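Undergrad: Listed below, chain by chain, are the residues.
There are 2 protein chains.
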Amino acid sequence: MPKVKIYVTLRDGILDVQGKMIHRALGSLGYENVDEVKVGKYLQLEFEDDADIDQKIKKMCEQLLTNPVIEDYTYEVE
Amino acid sequence: MPKVKIYVTLRDGILDVQGKMIHRALGSLGYENVDEVKVGKYLQLEFEDDADIDQKIKKMCEQLLTNPVIEDYTYEVE
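Just so you know, the sequences run in chain order A and B. Following the numbering used here, the numbering of the first sequence begins with 433 at its first residue and continues without gaps. Following the numbering used here, the numbering of the second sequence begins with 433 at its first residue and continues without gaps.
Read the hints as simulated data drawn from the structure, not as lab findings. Remember, predicted model here, so these are calculated numbers, not experimental data. Check before you lean on any hint, since a few could be wrong.
Same chains, same label: a pair holds when it works inside one copy or across any pair of copies.
Listed below are the simulated BS3-like cross-link pairs for lysine-lysine, each with C-alpha atoms no more than 30 Å apart in a straight line [to be verified]:
id : residue 1 : residue 2
1  : Lys488    : Lys452
2  : Lys452    : Lys470
3  : Lys490    : Lys437
Produce the entire structure from the sequences given, and follow the hints as far as they go.
TA: In structure tokens form, the structure reads like this:
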């Protein structure tokens, strides 16, 4: 059964508040050599078959899994 | 500058409520051939240098980025 990994990130120019908070927290824990932190979502989907799988993944991402206005995504099929 | 990608997932046996909700929503949108959905976090960190980078990533993950009781993680350094 094909396993799909989807990585969702905020688009460039969208403020990543969670990333900024983690960056600050890392700094106060003494990790001074981190320049940037970005936070996204990681989805793993198991499909029953790989019929039209690329097309289905793209539609799912646009309809439900991501917010195309503020988010980008990439995916891998294994 | 090294870029680190960290993938955080729930440990086996921990109920993935968000994954279950997305699975159900996909079903009601007509995507019937998805068997399982798991939701995790995806973090991108930019480091200034790669001194002790593996050790630092592991410590950060245990201290702040993940909850080791319920979450697992893997990472890649680019």
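Undergrad: With reference to the structure, classify each hint as holding or not holding.
TA: So, going through the hints one by one against the coordinates:
1. Proximity of lysine 488 and lysine 452 under a CA criterion of 30 Å is satisfied inter-copy only: 19 Å between copies versus 33 Å inside one chain copy.
2. In this assembly of identical chains, lysine 452 and lysine 470 lie within 30 Å of each other by CA distance both inside one copy and across copies; the values are 8 Å within and 25 Å between.
3. For a Cα distance limit of 30 Å, the shortest separation of lysine 490 from lysine 437 qualifies both inside one copy, at 12 Å, and across copies, at 23 Å.
The structure meets every hint from the earlier list without exception.
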